[in-house]
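Peer 1: This is what each chain is made of:
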Amino acid sequence: MTDATLGTPNGARSIDHIRASYLAQVQRRRLYGGLVLMIFVLLMVSGFMVADDRNAGGFWDGLHQIGDYPAEVLAEAWQKRADLPGLVVEFFPALIETINIAAVSTLIGAAAGLVLSLLSTRGLARWPRLIPVFRRFMDIMRAVPEIVIALVLIFVLGGGPVPAMIAIAIHTAGALGKMFSEVAENADLKPVEGLASTGATWAQKMWLGVLPQVAPNYLSYALLRFEINIRASAILGFVGAGGLGYELRNSMAWGPGRFDEAAAIFILLFGTIVFFDQLSSRYRNRLTEGHAA
Amino acid sequence: MLKIDTLTKRFGDKTAVDAATIHVTEPRMIGIIGRSGAGKSTLLRMLNRLSDATEGSITFDGEEITALRGAAKRDWQSRCAMIFQQFNLVPRMDVVSNVLHGTLNKRSTFATMFNLYPQSDIHRAIEILDRLGIAEQAPKRAEALSGGQQQRVAIARALMQDPRIILADEPIASLDPMNAQIVMDALRRIHEEDGRMVIANLHTLDTARRYCDRVIGMRDGRIVFDGTPAQLTTGVARDIYGAGADFSEAATSTAIETLDSHEARKAKAYV
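Sequences listed follow chains B and E, in order.
Using the UniProt record's numbering, the first residue of the first sequence is number 1, and each one after it goes up by one.
Using the UniProt record's numbering, the first residue of the second sequence is number 1, and each one after it goes up by one.
A few of these clues could be false.
[As the list claims (entries may be wrong)] Here are some, though not all, of the chain E residues that point toward chain B, as calculated from beta-carbon distances under 10 Å: (1) Ser-51; (2) Glu-55; (3) Asn-115; (4) Ile-122; (5) Glu-136; (6) Ala-138; (7) Gly-147.
[Unchecked claim] Partial list, derived from the structure: chain E residues whose beta carbon lies under 7 Å from chain B: (8) Val-96; (9) Ile-126; (10) Pro-139; (11) Glu-143; (12) Ala-144.
Source of the hints: derived by calculation from the structure; they are not laboratory data.
Quick reminder that beta carbons are idealized off the backbone N, C-alpha and C, glycines included.
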């Protein structure tokens with residue numbers, strides 16, 4: 001009952017052949033792997049050398065000073081630690097403004113990214129021929145740095161939170177659209193087909209057939225983007241968009257003497273990121289376990 | 001050789017395995033039967049140290065297995081191969097690489113990351129695949145193979161470990177009857193030719209009867225039967241499965257021959 005059913009054993013010649021061809025395959029793979037590793041190392045070394053040459057100070061000379069600035073900030077903040085709670089309260093309205101910019105831009109950007117992603121996913125797209133158009137459109141949105149868009153808009157519209165919001169929303173739409181579309185590509189098409197068989201429109205098929213499958217992933221990406229946007233809106237404050245970034249620039253530009261304010265702002269930023277990280281992981285768990293919809 | 005003493009596993013207040021005691025004095029082919037949820041898988045997972053026992057001990061050749069930690073535990077795992085119901089291969093890697101994973105315990109992490117297996121190992125992997133009749137599949141990705149072929153790759157990975165014991169957790173539960181027979185025949189042949197101990201969880205009685213030297217029946221975490229296939233009467237089987245008088249062995253059979261038997265036709269009438 002044993003031998004016959006195991007398939008006829010190969011002759012010595014054919015197993016030698018299998019061996020030889022597999023070993024050749026292994027050799028080839030090792031060669032490619034080695035080449036890739038070499039290219040990687042070369043790029044690293046050459047890139048580092050170029051960057052080091054162009055640097056004003058030089059990497060190795062500056063390396064030991066890397067801790068100086070944080071140490072100064074920490075030392076001063078520790079000296080004036082009694083003032084910190086007051087400063088945190090003082091900058092809290094600026095934090096609210098920063099979070100506001102981030103929240104509005106995330107919402108607008110995620111909504112736009114959602115539509116763009118479904119329009120540029122193979123198998124789901126409304127107009128399959130236009131997929132490359134929507135993809136390039138998202139590429140452009142991602143390619144232009146937020147700060148460039150913000151600077152242009154501030155020039156046109158004047159300083160304030162609205163240019164920052166628009167700039168971040170544009171970048172968010174491009175970035176989330178890309179991530180959303182990768183998730184949507186893995187969605188099961190059977191429910192969509194089921195809905196199509198009932199005569200549903202494209203929007204109905206997407207909303208009822210695709211979104212329930214991808215919602216947990218979309219939400220967690222959107223919340224991650226929200227965290228990134230909080231930081232982005234703080235940075236845009238540096239160029240005149242208001243909020244926490246504006247205050248941070250002031251306190252940092254003043255140098256020693258106002259480092260306690262910088263420390264307070266860092267504490268606020270850090271606390272906010274931690275808070276929203278915790279919040280997002282909780283909601284993501286609830287969504288994936290299916291307790292809430 | 002292998003001694004399992006009052007081995008217990010609790011999940012919260014639920015006891016999955018309740019004071020299991022099994023003594024094995026020589027390499028045998030042992031089948032463990034019982035309903036799903038009877039604790040068969042948990043028992044095997046504890047033997048391989050994939051999960052820790054709550055109480056009790058496992059000793060192999062005088063060595064305490066339940067107390068092993070770190071490298072010693074991984075060494076035991078390399079001596080005690082495991083085969084899974086869903087094959088648990090790496091789907092995107094080729095068949096030979098999957099078989100070579102059987103040597104991971106003996107190789108450094110760095111060497112395995114860059115696929116630097118010795119040529120002798122590669123030769124041995126292909127020999128084992130040839131022994132199991134799937135050498136032609138060697139360069140293919142594991143995911144491209146049929147279920148029966150994938151399970152044979154999993155057996156090849158187990159053999160690559162050169163283990164003293166092979167544990168098989170429902171090895172044929174996801175296979176069609178023809179492939180189930182090929183896989184069970186392969187396990188039996190490995191037991192007979194190499195003298196390795198094989199412990200298999202099986203969900204069909206006739207498979208246990210046909211291939212095993214010794215059958216252990218579990219119900220609700222307890223061992224309720226331990227004997228030869230001949231001692232496993234229909235009455236005992238009813239006890240193990242907690243079934244009523246209408247229980248028929250052929251009703252759950254996956255063997256091809258049962259289709260011809262009169263009993264099978266009778267069993268069909270019940271369905």
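Peer 1: For each hint, tell me whether it holds in the structure or not.
Peer 2: How the hints compare with the structure:
| no. | hint | result |
| --- | --- | --- |
| 1 | Ser-51 | violated, 23 Å |
| 2 | Glu-55 | violated, 32 Å |
| 3 | Asn-115 | holds, 7 Å |
| 4 | Ile-122 | holds, 6 Å |
| 5 | Glu-136 | holds, 7 Å |
| 6 | Ala-138 | holds, 5 Å |
| 7 | Gly-147 | violated, 15 Å |
| 8 | Val-96 | holds, 6 Å |
| 9 | Ile-126 | holds, 5 Å |
| 10 | Pro-139 | holds, 6 Å |
| 11 | Glu-143 | violated, 16 Å |
| 12 | Ala-144 | violated, 15 Å |
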